[in-house]
Amino acid sequence: EDQVTQSPEALRLQEGESSSLNCSYTVSGLRGLFWYRQDPGKGPEFLFTLYSAGEEKEKERLKAKLTKKESFLHITAPKPEDSATYLCAARNSGGYQKVTFGTGTKLQVIP
Amino acid sequence: DSGVTQTPKHLITATGQRVTLRCSPRSGDLSVYWYQQSLDQGLQFLIQYYNGEERAKGNILERFSAQQFPDLHSELNLSSLELGDSALYFCASSPPQGPYEQYFGPGTRLTVT
Chain S
1 EDQVTQSPEA LRLQEGESSS LNCSYTVSGL RGLFWYRQDP GKGPEFLFTL YSAGEEKEKE
61 RLKAKLTKKE SFLHITAPKP EDSATYLCAA RNSGGYQKVT FGTGTKLQVI P
Chain D
1 DSGVTQTPKH LITATGQRVT LRCSPRSGDL SVYWYQQSLD QGLQFLIQYY NGEERAKGNI
61 LERFSAQQFP DLHSELNLSS LELGDSALYF CASSPPQGPY EQYFGPGTRL TVT
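Sequences listed follow chains S and D, in order.
Just so we're aligned, residue 1 is where the first sequence starts under the working numbering, counting upward by one.
Just so we're aligned, residue 1 is where the second sequence starts under the working numbering, counting upward by one.
Isolated chain D (complex conformation):
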């Protein structure tokens, strides 16, 4: 158990809908990262937050957005969902001091039908 929690574990929804994925980082970690992993694909970095502020953006679609709240939990919002958005979505957190290794949550499996 990495100490990073994600809810829900599974999500099934229809095309065009909007969903919210939630992540709580490990105690003491200030950074939160979101990744997408499609079937048998590598990890695609989406976005990073540090202590409530956006730090870096990767391959995140305009239909996707995220935020980190004062209690450091983070939410990833996915809207106008398409079949191709079906994937595992992982959240990771890292400590405030180097080397900033990332600890991953168990993931949310999103299925868009």
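So that you can see chain S by itself, here it is in the shape it has in the complex:
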């Protein structure tokens, strides 16, 4: 069965304190690893798609990287507005290419 595990569950950072969020996945033939940001009471917002090991993508203070078993979302010099829950999801190569979501990392950035 496909599994996506995110750690830590919660992370509290001082403004400007860089850190990384982790997403470990076990899926049958990865066809895409996705990162989303979710604000409280809102729908998840798509951030990145990563396809293959070694691939990296950046958006403002966020940088995502994919390895064969994990993905990392590095946040450089975070600001309070980066506070949100970050979700990771993996798509497999099965018949309908099922997507499995992790439970997320809740990030709080303190001024």
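Don't read these hints as lab results, they were simulated from the structure.
On a predicted model such as this, the values are computed, not experimentally measured, just so you know.
No false leads were slipped in.
Once the Cα atoms are required to be at most 25 Å apart in a straight line, the calculated PhoX-like pairs of lysine-lysine come out as:
1. S:Lys98 x S:Lys68
2. S:Lys106 x S:Lys42
3. S:Lys65 x S:Lys98
4. D:Lys9 x S:Lys42
5. D:Lys57 x S:Lys42
6. S:Lys65 x S:Lys79
7. D:Lys57 x S:Lys98
8. S:Lys79 x S:Lys59
9. S:Lys106 x D:Lys9
10. S:Lys68 x S:Lys57
11. S:Lys63 x S:Lys42
12. S:Lys98 x S:Lys42
If you want the footprint, here are the derived chain S segments under chain D, 3+ residues with CB under 8 Å:
13. 23-34
14. 43-56
15. 100-110
We put the CB at the ideal spot given by N, CA and C, even for glycine.
Use these hints to put chain D onto chain S, whose structure you have.
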């Protein structure tokens, strides 16, 4: 704004009642997904439709049903509602070509009293 619309935004109803949630996907997207998110919980996949046909089922209760219409909008029907059905219900759509990333709507907050 993702381009996915959901109505209503909020719904308050009593136990035992039936409600219908509506979703319109982004222009050009053929797939629609429904998710349930209870307070401080992760996203629970309910069901997926592709171009009018059911593609996959997740943890969807028998009291819940869905359909996708020819104009590609989708409806999620929840019946015999229980207090535990109170949650945010999200709809997402994805493009017809890979990598099939999902774009989420703003959600419908259902409160069962």
